[in-house]
Structure formats: C-alpha cells, structure tokens
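**Q** What follows is each chain in one-letter form.
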Amino acid sequence: MLDVTGVSVSYGGLRALTDVTVTVGAGQFVTVVGPNGAGKSTLFKTISGVVQPGSGSIRFQGQDLLAMKPSKRAHLGIAHVPEGRQVFKAMTVRENLEMGAYPEAGQRDWARVLDRIHALFPILAERATQLAGTLSGGEQQMLAIGRGLAGAPKLLMLDEPSMGLAPAIADLIFDRISQIHREDGLTILLVEQRVAEALELCDRGYVLETGRIVLEGPYETLAGDDRVRRSYLGLDA
Amino acid sequence: MSDPQILVENFLNALTAGILVGCIYGLMCVGLGLIFGVMRVVNFAQGDFLMLGMYAGYYFFTGWGLLAFLGPYAGPLLSAILAGPVIFAGGMLLHRFLISRVSGLRTTGSLDEGHFGQLIVTLGVSLVLQNAGLIVFGSTPRTVNTPMSSSAWVIETHIFDSLVFLNKARLISSLLAILAAIALYVLLERTRLGRSLRAAADNPTAATYVGVDVDRAHRIAFGLGSGITAVAGGLIATFLSYSPFVGLDFVIIMYAGVVLGGMGSILGAFWGGLTVGFVQQFSGLVLPPQLQNAAIFVVFLLILLLRPQGFFGRSAERA
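If you're matching them up, the sequences are chains A and B in order. FYI, the numbering for the first sequence is 1 to 237, going by the numbering used here. FYI, the numbering for the second sequence is 1 to 319, going by the numbering used here.
So that you can see chain A by itself, here it is in the shape it has in the complex (with noise of 0.2 Å):
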C-alpha cells in the first residue's frame, strides 16, 4: 500500500535520512522504532509533504506521492496524527473531528465514523463543545487520533501517540490503537519510543537509528535481536 524507497533527507546540510525504505501492505501493522532524532518524524513528514526529500520515491497505492502537493495527499486516504497531536486549539472538539473529515472519504461516512469515534473515545462525546486547547494532553491525543480516523483513511499514520502521557493513559490509548487495528482492519503505520508495547503490536517492525534502517522484520526477528532487547527492551541478551 505504501511503499517508501530509498528516501534521503537534509536539512542545511545535515542528514536527517539516510537510503531509507519503508514498505506498508494492506491490512498490516508496522511499526518504526528508535531513539530520539533518529528520523522518525521526518519520515512521517517526508510522506505527508511537509519535508522534501532529496531523493527516492514515495508511492501510495500505485501513485506517485512526490508528485502531488502536500495537501492532495489527505485525500487519497493517508492521515497523519502529528508528533505532540497539533490539535487545532481555538476551535472546538467537533469542529476538529469536522476537519479530519475534510477529505471526500470523510464527509461521505461522517456520521458512521463520528459514532466509531465517540464509541472509542467518548470524552470526545462529552466535550464536543469544548476548545480543543483547553482539554488535557491525553484527551487531546484523544482527539488527535480521531480527528485522523475522521478522515475514514486507508492508512493511519501515528508519531508518538504516547508521548507525554501518564502510563496510564498511554496504555488507553494504545489499546484503542490495537483495537482499531484489530475490529476495523485499519493499516497503520507507528512511530514510538516506547518499543516494547509498540513492537508487540505490530506486524512487522523496522528499527531506525540515526537516520538509517539498522533492523527490520517481522516481531519475532526484532524481539530476538540482541541489540534491540538490550538497547530498546532491557532485556538480558
């Protein structure tokens, strides 16, 4: 479904990626670990068009992503649940889920997806009328992942829904995630520092260190490897 190919990015001068390739199917759960500043969220920008790579492609369901403006890219179905959620603060909690159902998709399904969305969250129910800056860090997350799925995307994009978050909360919201993954058949592609849950998640992981794929593979592979269990899960080799 989505197939990112030998993608490099600079910023000035300084490489942010370095040959990197990243391949989403259809259906599947893939996740992206490693530490801060490895390039995880240049990665999600560099396929929402936000950043512009160097070079290598991007291609989803077939089309060229390079080819299009950032904005056009919603609209074939790809939502982005940015790093540290960027809600849209002045507005309020149902206007922001109203703008994740800005592309076609979206405003086709809306009532359908707005139930999903209550059903899953629903905080987000009982505060539609609030200022989306005004609520608490983990129901703006809350609600960052909504106003994603408002779009009815066929990919969900998600940079460090955990982050910030009181344990607590951040296993709410992983479930939620695995849950949407698991009842609607949602793709999703994930980015966390939190590897342990992140990787037991998923289909198949890719491990990024300083701006190149070091590991990748299936959960298995990654949760055998030595390093990633003693860097990233404190395990014993």
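Hints in this document: simulated from the structure, not taken from any laboratory. Ideal Cβ placement from N, Cα and C applies to all residues, glycine included. One thing to keep in mind: the hints can contain errors.
With a cut-off of at most 20 Å between alpha-carbon atoms, the simulated EDC-like pairs for lysine to aspartate or glutamate come out as follows [unchecked claim]:
(1) A/K154 / A/E104
(2) A/K154 / A/E183
(3) A/K72 / B/D213
(4) A/K69 / B/D213
(5) A/K154 / A/D203
(6) A/K72 / B/D215
(7) A/K89 / B/E113
(8) A/K69 / B/D215
(9) A/K89 / B/E189
What follows is a set of in silico ranges between Cβ atoms, one per label pair, in the way DEER data are often shown [claimed, not checked]:
(10) B/A152 / A/E126: 42 to 48 Å
(11) A/G137 / B/P308: 22 to 28 Å
(12) B/L187 / A/A125: 24 to 30 Å
(13) A/G84 / B/I120: 49 to 55 Å
(14) A/R15 / B/R216: 31 to 37 Å
(15) A/A125 / B/G65: 57 to 63 Å
(16) A/D64 / B/G124: 58 to 64 Å
(17) A/A125 / B/I182: 28 to 34 Å
(18) A/N36 / B/P308: 36 to 42 Å
(19) B/R216 / A/E183: 34 to 40 Å
(20) B/I120 / A/P167: 28 to 34 Å
Given the structure of chain A, go ahead and fit chain B onto it with the hints provided.
**A** Just chain B, lined up with the frame of chain A:
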C-alpha cells in the same frame, strides 16, 4: 428651550450616531480581525484597502456613474458592496505575490512568526497605495454625495421633547454593515470553507495533514479580510469626505478595535469597532474634534488595563 433639553438632545444624538457609525467601524474592524486577529498577519495596508473601497464606491456611482441609474439610495450602497469583490480579488493577488512570502507555512515556527517581514512589506504596500491613489484619484477630497447624506429621519422622544436625528446614509449603511458582518460570521462558523480557513490559521501544518491547501486558504482569508474592510470603506464614503491618505486615520483605530474586541474573535472585532465609534462620537460632546482620536486611545488603554484579553478574548491554551 431649556438647558437640560439641549443636554439630553446632544446626548441622545451622540448615542445614536455612536451606534450607527460604530456598526460601520465594526465591519471595518471585522476585516482586520480576520487578517490580524485570526490569521495573525500584521497588515498596515488595511487602512488603504478601506481607502480603495471608498474610491471604488466613488467611481462606481459618481465618477463613472455605472450604478447611477439605481438612484440616490440603492446606487451608492450597491457600489459599496461591489467594492468588496473588487478589493477581495486585489487582496488575493497581493497575498499571492507578496504577503505569502512573509507569512503562513513559510514563517511557521520562525521566532517572530514573520511579523517583522509583514510589518515592512505592508507599510511599503501602504505607501505605494497612498501615492498611487494620489496620482490616479487626485488630492481633491471626494464624497459619494447623495440626498441621503444630508437628510435624516427625525424621531421625537418624550424625554424633554428632544429630537433625535438619524442620518439616512448612516442608518442604512450601518444596517448593511451589520448584515455583511453576519454574513462573514456565518461563512466562517457554519461552512466547510470557513472552517478550513480557521483551521489553516490555527495550525497550518495540521491543516495540511487533514487535506487543506493552506496557501489557498490563507489567500482567500486575506482577500476576504481586505474585501470586508473595503465594503466598510464604501459605506463610510456615503457620509464622509476623503482623500487618498484617509487610510492613515483609520488603520490605527482599526487595530484598537481588533485588540479591544479580543484577538481571534470576529464577533469581538465588531464590538471593538462599535466601541471605538461610540467613544469617538461621545467625546465629541465634550472634546474638540482634534482630540477625538486621543479619547479613543485613553479608553483603549483603560480597557487594556482592566481586561488585557479584550472583550471576547479567550485563551485556548491550557494554563
């Protein structure tokens, strides 16, 4: 005729004139409220958009006489409304070629959010517009003079039998101003386009992620803000004489109105403008005309002292 009667009559007339002029100032501030309050673009050329709206009104009705056939009532008012789309298009072009280079996605995350660049660019645009106006329109003060500019409906009140004069041009213009402000409010709050404009101003990056063409949204919002102020200009032109430098007088009180009302609130900008018109007319009772703008700023400072977030300012950030 007794003294209290004159006093009451002056008071009532200042009150009504304040409301009438205030509504038009309100519309003028709504235009800037969209550009400065919502989009956070500093625009010192806003007063000159007002001036262009005034001249558009003049040329449509008096100068070229295109709409003269509509008569002295509908003609100037329709001319004022037509100034809207003309300046809207001009504002979009200006944004496309100049403003977009110092605002929006280009300056997201930069230290000053592009405000320094916007300040210089729009001051420059303002100078160009004023002097081009001087060349094209000439320095002779103009008016869109019609019978309604100098006639009034008279209301007899029971308070000391005083008379209240409702200037026809001002009354009809203020009603139109209210309608235009409501139309913009509905557009922004109730439509898909309006929501996308607000989202693009609120968080340009996130707006891109949900599929909004942010450059286009900013362009439309800037055009709308320009056009709305120009309509207000066309309406003011029905009762005030003006020259190409008139924008200078208005741009400062527009900013006062927007900040008074509360940044980011369209409704607030309207109330801010209304307050400014009110204070201006009332200060005329006791102060010489030269001090009217000073009075506006005394009130402005007082309100900022007591309520720094403005009437309708709301903090969307979690404390």
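**Q** Does the Cβ distance between A/D64 and B/G124 fall inside 58 to 64 Å?
**A** Cβ of A/D64 to Cβ of B/G124: about 40 Å, so the range 58 to 64 Å is violated.
**Q** Can you tell me whether the CB distance of A/G84 to B/I120 sits inside 49 to 55 Å?
**A** violated (31 Å)
**Q** Does the alpha-carbon distance linking A/K154 and A/D203 stay inside the 20 Å limit?
**A** Roughly 17 Å between the alpha carbons, so the hint for A/K154 and A/D203 holds.
**Q** Need the status of pair A/K72, B/D213: alpha-carbon distance at most 20 Å?
**A** holds (8 Å)
**Q** Check the hint pairing A/K154 with A/E183 against an upper bound of 20 Å on the C-alpha distance.
**A** holds (14 Å)
**Q** Below or equal to 20 Å on CA atoms is what counts here, so check A/K72 against B/D215.
**A** Since the Cα atoms of A/K72 and B/D215 sit roughly 13 Å apart, the hinted pair holds (cutoff 20 Å).
**Q** Assuming the hint says 24 to 30 Å, is it satisfied by the Cβ distance from B/L187 to A/A125 or not?
**A** This hint holds: roughly 27 Å between Cβ atoms.
**Q** Take a look at whether the Cβ-Cβ distance between A/R15 and B/R216 falls inside 31 to 37 Å.
**A** holds (33 Å)
**Q** For the pair B/I120 and A/P167, does the Cβ-Cβ distance stay inside 28 to 34 Å?
**A** For A/P167 against B/I120, whose Cβ atoms are near 49 Å apart, the range 28 to 34 Å is violated.
**Q** With 22 to 28 Å as the target window, see if A/G137 and B/P308 comply at their CB atoms.
**A** At roughly 27 Å between Cβ atoms, B/P308 and A/G137 fall inside 22 to 28 Å, so the hint holds.
**Q** Holds or violated: are the alpha carbons of A/K154 and A/E104 at most 20 Å from each other?
**A** holds (13 Å)
**Q** Can you confirm whether the C-alpha distance between A/K89 and B/E189 stays at or below 20 Å?
**A** Within the cut-off at roughly 15 Å; holds.
Hints 10, 13, 16, 20, counting from the list given before, are not met by this structure.
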